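Position chains B, C and D against the provided structure of chain A, taking the given hints into account.
Number of protein chains: 4
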Amino acid sequence: MKPIRDPIHGFIELNEWEQDIINHPLFQRLRRIRQLAWTDMVYPGALHTRFEHSLGVMHVATRMFKNVRLGSEDILKNDLNYTDGGLDRVLALIRISCLLHDIGHGPFSHAAEELMPISENTGKPYDHESYSAEAVTLMEDIINHRTNERNYGITTQDIKEFLNGEVPDEGSLLWRRLLSSQLDADRVDYLLRDSHHIGVAYGRYDLDRLVSTLTVAIDPETDAPVLAIEEGGLHAAEGFILARYMMFTQVYFHKTRRAYDFHFSEAMRSLLDEEPYLKGQMKGRFPAPNNIASLKAYFQWTDWRVLGLLEQGKGGYHGEIIRRRKHFKKVYATKEVPDKDDLERAEEVCQHLGDKVGFVDRAEQSWYKFLDKDIPVLQGTKNTRQFLTPLSKLSSVVNGLKSVNQIRIYVSEENRKEAEKIIEALPGRGKGA
Amino acid sequence: MKPIRDPIHGFIELNEWEQDIINHPLFQRLRRIRQLAWTDMVYPGALHTRFEHSLGVMHVATRMFKNVRLGSEDILKNDLNYTDGGLDRVLALIRISCLLHDIGHGPFSHAAEELMPISENTGKPYDHESYSAEAVTLMEDIINHRTNERNYGITTQDIKEFLNGEVPDEGSLLWRRLLSSQLDADRVDYLLRDSHHIGVAYGRYDLDRLVSTLTVAIDPETDAPVLAIEEGGLHAAEGFILARYMMFTQVYFHKTRRAYDFHFSEAMRSLLDEEPYLKGQMKGRFPAPNNIASLKAYFQWTDWRVLGLLEQGKGGYHGEIIRRRKHFKKVYATKEVPDKDDLERAEEVCQHLGDKVGFVDRAEQSWYKFLDKDIPVLQGTKNTRQFLTPLSKLSSVVNGLKSVNQIRIYVSEENRKEAEKIIEALPGRGKGA
Amino acid sequence: MKPIRDPIHGFIELNEWEQDIINHPLFQRLRRIRQLAWTDMVYPGALHTRFEHSLGVMHVATRMFKNVRLGSEDILKNDLNYTDGGLDRVLALIRISCLLHDIGHGPFSHAAEELMPISENTGKPYDHESYSAEAVTLMEDIINHRTNERNYGITTQDIKEFLNGEVPDEGSLLWRRLLSSQLDADRVDYLLRDSHHIGVAYGRYDLDRLVSTLTVAIDPETDAPVLAIEEGGLHAAEGFILARYMMFTQVYFHKTRRAYDFHFSEAMRSLLDEEPYLKGQMKGRFPAPNNIASLKAYFQWTDWRVLGLLEQGKGGYHGEIIRRRKHFKKVYATKEVPDKDDLERAEEVCQHLGDKVGFVDRAEQSWYKFLDKDIPVLQGTKNTRQFLTPLSKLSSVVNGLKSVNQIRIYVSEENRKEAEKIIEALPGRGKGA
Amino acid sequence: MKPIRDPIHGFIELNEWEQDIINHPLFQRLRRIRQLAWTDMVYPGALHTRFEHSLGVMHVATRMFKNVRLGSEDILKNDLNYTDGGLDRVLALIRISCLLHDIGHGPFSHAAEELMPISENTGKPYDHESYSAEAVTLMEDIINHRTNERNYGITTQDIKEFLNGEVPDEGSLLWRRLLSSQLDADRVDYLLRDSHHIGVAYGRYDLDRLVSTLTVAIDPETDAPVLAIEEGGLHAAEGFILARYMMFTQVYFHKTRRAYDFHFSEAMRSLLDEEPYLKGQMKGRFPAPNNIASLKAYFQWTDWRVLGLLEQGKGGYHGEIIRRRKHFKKVYATKEVPDKDDLERAEEVCQHLGDKVGFVDRAEQSWYKFLDKDIPVLQGTKNTRQFLTPLSKLSSVVNGLKSVNQIRIYVSEENRKEAEKIIEALPGRGKGA
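Chains as they are written, first to last, in this note's numbering: chain A, 2 to 434; chain B, 2 to 434; chain C, 2 to 434; chain D, 2 to 434.
Okay, chain A solo, but in the shape it has when bound:
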């Protein structure tokens, strides 16, 4: 198979096993799921899909793994007891898992997650990762039973565990971080990709240096292996964190994009209502990933189907808003990092607007996880002693970075003028930030 041309990474190579996965309808379905939902309403170029992103994640994770393997062979072999064959298997598992990590996405990616059903086991809504992990079971025939090739005995069960994070040992936990952590191939890819298609430089950072300074270290406190950045990559890691911040404020949390996330979610709810429900399916929610029929029904939802239904005039009030591009407008917003006063003030504005409020958007719901963890930086040299320091201790910029917890209040086009008048009339600081 010819390598696939990618606008970010050049050519991406695939072996035969991976090609079969690419050709599977569930993977091809990713061609019908836009990466950035309705962001094209703001940045017309933002039409790329999860298909190219998934290839990119696999490619980047491979580069990261190879660099780690090259630079940390001693730790991998001596501390973690890997053989060369074992490491080859790890890479194969990482690649497949990266390819498949997003196949569970619903139409318009994250925008669909509002409508995920509640899991009976956990009492919480499913997320797209749950669907991805379950979807893997639908691919058993091309994953498990391959007689002619060396697939290292990797099974759908291995991949599900990798995707779920229910990995059997420390080593696996380490590798899972290549797919999901503060510094994972997922983010590494999408920041660059989204920037490219939109035509902005916000998400660019020093990929080459980041990859080349990625390493494995043993955390002295837990004795567990961790992915870390060598000291020489400190500023590359800083640049990566800043790229995430810039893309969040300029793209992912753009006020108009967020309005369409809302409109889509509401329109999608109508679309679900307009179709017959499966037995057991919750009202206004997607089918759950708890049995095969339901899973298959879920996967029939794609951007294409939604676009077709919207074009037929379906989707209710919000469907019409999307078609006519008359989105709700922001009439009030707190500062990006609001203090208590700001928050109270926003509350007050909401109360005065009453039923004129279209919806209220809270940044923390999408972004608040940002500062949970930190990137460990490996200091010292191999000859002397080495130790890990969190990036935020070494970088005043990263340390200064606060969660964006902005609250925005939107109203419909019809209510706009009146809402603005009400806000103007409020005593105190007027229009917010």
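Please note that the accuracy of each hint is not assured.
Chain copies aren't distinguished; within one or between two, either way the pair holds.
[Unchecked claim] Calculated lysine-lysine pairs in the DSBU-like style (CA-CA distance at most 35 angstroms, straight line):
hint, residue 1, residue 2
1, Lys78, Lys280
2, Lys422, Lys78
3, Lys161, Lys418
4, Lys331, Lys422
5, Lys341, Lys394
6, Lys297, Lys341
7, Lys78, Lys403
8, Lys256, Lys394
9, Lys256, Lys403
10, Lys341, Lys315
Treat the hints as calculated values from the structure; they're not laboratory data. Keep in mind the model is a prediction, meaning the values are calculated, not measured.
Just chains B, C and D, lined up with the frame of chain A:
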């Protein structure tokens, strides 16, 4: 209104009049028409739409016009009798016309043109330009009757004439070439844009130099004004022609892309069959642009609608091929510039394959117009005498460029092996190029 | 004259007056002054000169001015009483001043500033700006006396004042900030240019948005006009500040680059010693800009002359180090933002190393001005009230940014091993950051 | 050692052996030899050196070799009898040879070649390759005698043979083509690099595809192995040839750049005259590479030394022209591809101008080798039969490409007006192209 961010040209500015046009549903519909049809099957990044391209054409045409105005003021004012106000009006007309030149496109752009109905007047099929010109009449309310602003008295009639090329005078003919000629803003934009989203360098050329050497000259043979390139831009013009050639061979005429053009056209025919026909609508063809009801029905066809129908399982045999991505495969091709022997040989292969032939693709149908006209180069200096020479006389590369007239024979996946066997068994040169 | 091709901004246009300035030997001399001194020892691509940078600054300042003029016409005309002609003159003055702002640089740009003589008037060393301002007087013949063209009566005196910041009125002060402020065309250009030639993305930011949100506002506290960023450009301004930070840590303050700054300064001192001194010239210092003979002698120092002398074997011990590329090595460094303990520790290390210390580099000397001023952001809308807020109040990232005050201790290759042993042997925290 | 950051290829990795070579004074000398001589007089960004280019060639050749090894393992092992160890050695030799292939360049690269001495053996002037090959002998201590590492027994003799093309067998001949052929790593690198620093797109082509379609084939006519391009890379190869053509016309053969090549050559002749001659050194020529003393004297000539001498006022009439940037101007030129009439006409103009002619530049001297050889394209598939076809048979563009044989006549600034008058007065076609 804030300028629109464009990945190719940076910010694109619009005045209020233009914004109203952008906001019109017929223009917003361009967000639902992909520029490159199904090219994403080969190059996953190729998902951009006619919406961003149309803005780009307007922007580039403006740059071209401004450069010409700056450098050729004497000709424009003395030979063509333009006033400053007249030139301002010309620019306004060019901008609106560029914005609107593609609104007539059917779903998946050119791929739909196979299914255009026959015009009773001409006996030939309509093209997307005819629809564009007629569509303008649906926008009269925002174009003709604007009291508060200076729109220079431009009417939908003016725009239609500009789009149709039925321009009233030599000056207008000149300006129309900014939109449609060997060196027009349309091509200037799409080569760069398509390259960018795909991630290839094939379509890049020296835009800055091309624009800065564009000029107006009086053709001594006809005494008419023509757009020409100053001699200093000769190699930039050459580079532009070569970019077109490279993009044609590598992207627009890519063998897999062409297969999907075929499959889409056939699937679209089925989709038309599956919907009720309008009175007077030809079977298997789109509604004609000859009355308002029919025009409106035509415009309800968008990529979104088609994607939705395909996702529902419609579109017949070829719809299924698109969904399953099991496209017909090329089993035989002539050289790109075939000689008589090659052509006969292809004919012979066709005959032997008989009903195994899926379809035959002929490059000349999309590309043969390439060499019709030439770019005039202005030689000499203002002080002495000036004369126009066609680029192909000055450039051995352009002169050597032959029309790509390749013929390719495709068969279905099922027939592939047998077809290859038949071809192998033929006496003579075997597999073609 | 043909426009000049620039790798950052495309074509840069010049009028005849400006072309004459470009062609003046003092401006051509900038072709012989590298922008980044010896940074090519780390990043081989860093060989670009002040010549292209100066053109770039002129170009960017023009874009900034034009955007401000377009968006703030009312303030400029009503509050600041500018006429259209007056604004045209301002632009002409800005352009010439930007062109000339760096002509005072000595060989290897900033690296030469250590050897500037002491001014008798101020008791402090001259800086390159003083030389630039004086150099303008050497260009009177092409600046002041131009009969055939409209140069708006601009004289060398006007330019000197602009460069010195001794501007006659508030308006001029405003425009001077386009050349010298937190957000000036100088930085705007060099961040992009240095990034490009080096091949890193650190210095990239959203130039288009930055320029398009630049505006003039009246500061309510002082009633004076200020350059500000509209609220929509807040994150572009943030990105610009971050680009400066990243370029500082990764390029301008790179540990090896700083070593060569030191070696060059020492070698240059030897070169000055090896040449006959002018009457009045301080030992080991460049000729002062206090009389024409001295100024002319100063301008004979260029990179070319220095390179030629170094190649002849001159420049003493440090010249030899440069030739052999055996630079001093960093053996100890504090954290980038050191606390009191760190600083004391560095002091202690110095004392123990004694005469083994090659030199001590203190970041604050080049960078500490960074946080002095702030970028004002214009909030609110024209209809309601508007107010200025410093960027650092609105951006937690900018607010968190601390001055890099790192101290680094370097030793010669010969002393390296022993120095490392001494440092290892010190009780306490060992090797620093 | 840390990898070196390169603006074209990202990070370039080096092993210890290669690092020692990089650190050798003869290699560091390449930092003082500009890649494009005085091209910065036209494109100010063109200041990069042979140092970064040499690293780039090594890097690209490695990519090419690795791709060939991967795709043609069967031919390499079965037809050419290579073992894995043998191929590792080949790569090591290719890398070192690429690194060193340009160390023989004189000041300002090709511009110095006019002044190469005549070889007693061949009766023809030496070229820079001869110097490169001899220079290797000066590096014996770091190349031949390395006990602790695996350098595969590679000696300076092996490298000399590789550089000279006096290779012992067919296999070596094959690999030498990676460094020197129609499609070699040298050109592959410099087209991209020169484009980047200048800021033009002329030299860009599809590097990834070119590398990935490079292969080894057995030429059926000679039974010898050749480097070829797979059919899928046909248009990438075409793009590469066109990039060379565009860079030639726009950069390497730019009329002003060529003037400085001439002025430099003349000034350099004066500089040689102003220095004491070595025994045996030809007047007005560089020292020959025929003994060590002479070779060492040659290598003392660098851009730095020349720039220093020019800045001191040396270099005669042409040195002054360079300093004052008053280059000779083109007053007459034939078409790029002149016919017999054009050539006669140019001759006639020369005669009429008499001693007013500054110099005559003939493109063929630099470029005519362009069309000598051709790139073989591998057609057919492995299963059936394969055959080689020259690219020019498959590509009408490449086939149409004619040698640029333009002749240009230059005169000095002082003679310009009169020369133009003389040419105007000539009967017939006037000013040429």
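Now for the hints, and whether the structure bears them out:
1. Lys78 / Lys280: Classified as neither; 52 angstroms inside a copy, 63 angstroms across copies.
2. Lys422 / Lys78: between (69 angstroms within a copy, 31 angstroms between copies)
3. Lys161 / Lys418: Result: close neither inside a copy nor across copies, 52 angstroms intra and 38 angstroms inter.
4. Lys331 / Lys422: For Lys331 and Lys422, the Cα distance is within 35 angstroms only inside one copy (14 angstroms; across copies 63 angstroms).
5. Lys341 / Lys394: both (27 angstroms within a copy, 16 angstroms between copies)
6. Lys297 / Lys341: Result: close neither inside a copy nor across copies, 46 angstroms intra and 54 angstroms inter.
7. Lys78 / Lys403: For Lys78 and Lys403, neither the intra-copy (39 angstroms) nor the inter-copy (41 angstroms) Cα distance is at most 35 angstroms.
8. Lys256 / Lys394: both (32 angstroms within a copy, 21 angstroms between copies)
9. Lys256 / Lys403: Both, since 19 angstroms and 30 angstroms are each at most 35 angstroms.
10. Lys341 / Lys315: Answer is neither: 42 angstroms inside a copy and 56 angstroms across each miss the 35 angstroms cutoff.
When held up to the earlier numbered hints, the structure conflicts with 1, 3, 6, 7 and 10 and fits the remainder.
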